[in-house]
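Residue numbers (my numbering), protein chains in the order written: chain S, 1 to 215; chain X, 1 to 239; chain U, 1 to 146.
If you're looking for bench data, these hints aren't it; they were derived computationally from the structure.
This one's a predicted model, so the numbers in the text were calculated from it and none came from an experiment.
Any given hint might turn out to be false.
With a Cα cut of at most 27 Å, we get these calculated DSS-like pairs of lysine-lysine [as the list claims (entries may be wrong)]: (1) U/Lys106 <-> X/Lys187; (2) S/Lys77 <-> U/Lys58; (3) S/Lys194 <-> X/Lys187; (4) X/Lys187 <-> U/Lys112; (5) S/Lys195 <-> X/Lys2; (6) U/Lys58 <-> U/Lys106; (7) S/Lys77 <-> S/Lys109; (8) S/Lys194 <-> X/Lys46; (9) S/Lys144 <-> X/Lys2; (10) S/Lys194 <-> S/Lys144; (11) S/Lys195 <-> X/Lys46; (12) U/Lys115 <-> U/Lys82; (13) X/Lys187 <-> U/Lys108.
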Amino acid sequence: MPFGTVPLMKIYGINSVFNASCLISHETWVLMFSRIVKRKRVQQRVVAIRNRMFRTAYAWCHNYSLAQDLTQEAALKAIENAAQLNDLTAVDAWIFAILTNCHRAHLRKTVSMDEINEDEEGAIESDLLPDRISEASRLVEQVKQAIEGLSEEQRKVIILVDIEEFSYAEAASILGTPIGTVMSRLSRARQQLKKRLLSNPITAKAPVTYLRRNS
Amino acid sequence: MKSIPDQQLDAFVDDQLSQTDRANILDAMESSGDARNKVAETRRLKDLLRLAYQNQRPNPAQFRFKYRKFASHAIAAACGALSMLVLLEVMYTPPPDPQLHQQAGAASESNLLAAGSRQPEQVLFHLSSDDQRAAQLLLDQVELVASQYARANRELRLIVVTNNLGLRLFQVGQSQQAERIGQLYRKYDNIVFAACGTTIGKQAAAGEKVELLPEVIVIDSGVAELTRRQQNGWKYIRI
Amino acid sequence: MNTKIVKPILGQIMILMLLLTGSSAFADEDVHKLVIQVSTDDVRTQNIAMNNAVNLQKALGQDNIIIEIVAYGPGLSMMTPKSPASKRIPSLAMQDITFSACGNTKAKMEAKSGKKIELVEGVQMVPAGVLRIMELQEQGYAYVRP
Chain S
1 MPFGTVPLMK
11 IYGINSVFNA
21 SCLISHETWV
31 LMFSRIVKRK
41 RVQQRVVAIR
51 NRMFRTAYAW
61 CHNYSLAQDL
71 TQEAALKAIE
81 NAAQLNDLTA
91 VDAWIFAILT
101 NCHRAHLRKT
111 VSMDEINEDE
121 EGAIESDLLP
131 DRISEASRLV
141 EQVKQAIEGL
151 SEEQRKVIIL
161 VDIEEFSYAE
171 AASILGTPIG
181 TVMSRLSRAR
191 QQLKKRLLSN
201 PITAKAPVTY
211 LRRNS
Chain X
1 MKSIPDQQLD
11 AFVDDQLSQT
21 DRANILDAME
31 SSGDARNKVA
41 ETRRLKDLLR
51 LAYQNQRPNP
61 AQFRFKYRKF
71 ASHAIAAACG
81 ALSMLVLLEV
91 MYTPPPDPQL
101 HQQAGAASES
111 NLLAAGSRQP
121 EQVLFHLSSD
131 DQRAAQLLLD
141 QVELVASQYA
151 RANRELRLIV
161 VTNNLGLRLF
171 QVGQSQQAER
181 IGQLYRKYDN
191 IVFAACGTTI
201 GKQAAAGEKV
211 ELLPEVIVID
221 SGVAELTRRQ
231 QNGWKYIRI
Chain U
1 MNTKIVKPIL
11 GQIMILMLLL
21 TGSSAFADED
31 VHKLVIQVST
41 DDVRTQNIAM
51 NNAVNLQKAL
61 GQDNIIIEIV
71 AYGPGLSMMT
81 PKSPASKRIP
91 SLAMQDITFS
101 ACGNTKAKME
111 AKSGKKIELV
121 EGVQMVPAGV
131 LRIMELQEQG
141 YAYVRP
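With the hints as constraints, model all of the structure from the sequences given.
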């Protein structure tokens, strides 16, 4: 039996039998048991947060089908690599980190290396016009354009903090950057957005607060 | 009047400050209209962003279809639909209300042995070493369980499985517990002693003659038997 | 546990598939439960049992796994003050690892030696170790014997 390569056993009893039958060492069993638990947890969370993943991916790239693809890809990767999860209490951030890497990998494929400067204004391959026109509100359109004016990394930070409501520490671990970088990028992003949106007659005065959720 | 850095104000709005820092900022804001403005603007900005993105959902039909692909990926069954049904049918079902271990306490006997219309208890004992102390311990525990259940008038099915070196316990001329096994066999009719056929085969192939005690039956494979029965809810103790 | 009746041949197919698939059939709980049996007086094995308990708590988080160590037969020695392994028990017990000692074994040992047997701080008594393990399995505990 190719025990080392078999992914996972599920039923409690089988675990014991195979451990008992000396087919695997006790240490291996403990390892596999914790692997099972991690995989199960990741599976559960991926199902629970897939809409949030999509929302974030969409906010990052403004491309509906790309966002779907990224979400699927990240979901699968998360489950496949569940054994690498270190902290069972921070699964969501871990999954979002995978989503981040999927997006970055996608960008690397479509933008040549020497064009990448993390803090400069980044091109964004947004949706075809028809999707955007169907947006109910010009207000939303304005906001999206302003977001598109940010650099890639600034965009990532502000979406994670403002839409997904991750803490600075979580955002830092998701993006793989120091917390100070998160804070400075967030600040600059907000400065830029404020200039574009809050001095704009359409967005500055529009009644928004009544739409605020209780979260 | 020193102005508060933007990043501090951001952290204030995002609720990322410690209690003390937060209190300090609140103090400072009282005397700084500029700070209050900035905070209000940041809050408004957050509202705008949420308005734009909060309700983004994937197209349900498409997403669901892709999710199905992803689900079958994750549950990659080797065979087709029928095997999935089989899998689901025998899948482990959730146990009864998990007791918090604080409540568990020491009074376990009454729980397990409480009379009433319960299904028979089913337990496997497994021995795979030829250590004499282990053999002794095994039979002690078998006798303990059998006697407790008899006393509580609870139905019990108990199987002792030996494989590998544990087979010695069931071999004529090798076992030091032959008499005791006979006694247990006669006293309790719900105990089965089962020897692993695979192990016997290996011994025979190596030229050793294997003669089993009269109370012992032969099963195809110890591991398979243990696995299968555990699937069916049998308990399992290994000595 | 619920008992299901599975035809033998389906059982063989099923076992094969279980080995090949990666799906999870765990009950949908957030907390996992494990009982670790100690039935040998080999100190190294006794320490391995405790190491595994600690490692699992670290790997999964103390809140995500409930662990009980049950000692019977020669394994009861682990919980007596003279044993080197017993030094770790009080602090591990504070870490939410439950230690259960077999009353049946203890009674036998006392009868044999004529003296009362002391157990270290942090250990609870159960009438019989194997019955305790069976009861925990009934409650959905996984079982392992190092």
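Hint check results:
Restraint check for U/Lys106 and X/Lys187: the C-alpha separation of about 25 Å stays at or below 27 Å, so the hint holds. At roughly 24 Å between alpha-carbon atoms, S/Lys77 and U/Lys58 fall within 27 Å of each other, so this suggested pair holds. With a C-alpha separation of about 87 Å, the suggested pair S/Lys194 and X/Lys187 falls outside the 27 Å cut-off, and the hint is violated. As the CA atoms of X/Lys187 and U/Lys112 are separated by approximately 26 Å, the hinted pair is consistent with the 27 Å bound.
As the CA atoms of S/Lys195 and X/Lys2 are separated by approximately 24 Å, the hinted pair is consistent with the 27 Å bound. Restraint check for U/Lys58 and U/Lys106: not satisfied, since their Cα atoms lie roughly 32 Å apart, outside the 27 Å limit. Distance check on the hinted pair: S/Lys77 and S/Lys109 sit about 18 Å apart at the alpha-carbon level, within 27 Å; holds. Under the criterion of a C-alpha separation no larger than 27 Å, the hint pairing S/Lys194 with X/Lys46 is consistent with the structure, at around 10 Å.
Only pairs whose Cα atoms come within 27 Å are accepted, and S/Lys144 paired with X/Lys2 is rejected, the gap being roughly 35 Å. This hinted pair checks out: S/Lys194 and S/Lys144 have alpha carbons roughly 13 Å apart, not beyond 27 Å. Taken as a hint, the S/Lys195 and X/Lys46 pair is honoured in the structure, with Cα atoms around 14 Å apart against an allowance of 27 Å. For the proposed pair U/Lys115 and U/Lys82, the alpha carbon gap of about 15 Å is at most 27 Å, so the pair holds.
Of the pairs offered as hints, the one joining X/Lys187 and U/Lys108 holds, with about 22 Å between alpha carbons and a cut-off of 27 Å not exceeded.
Hint compliance for this structure: hints 3, 6, 9 are broken, all remaining hints hold.
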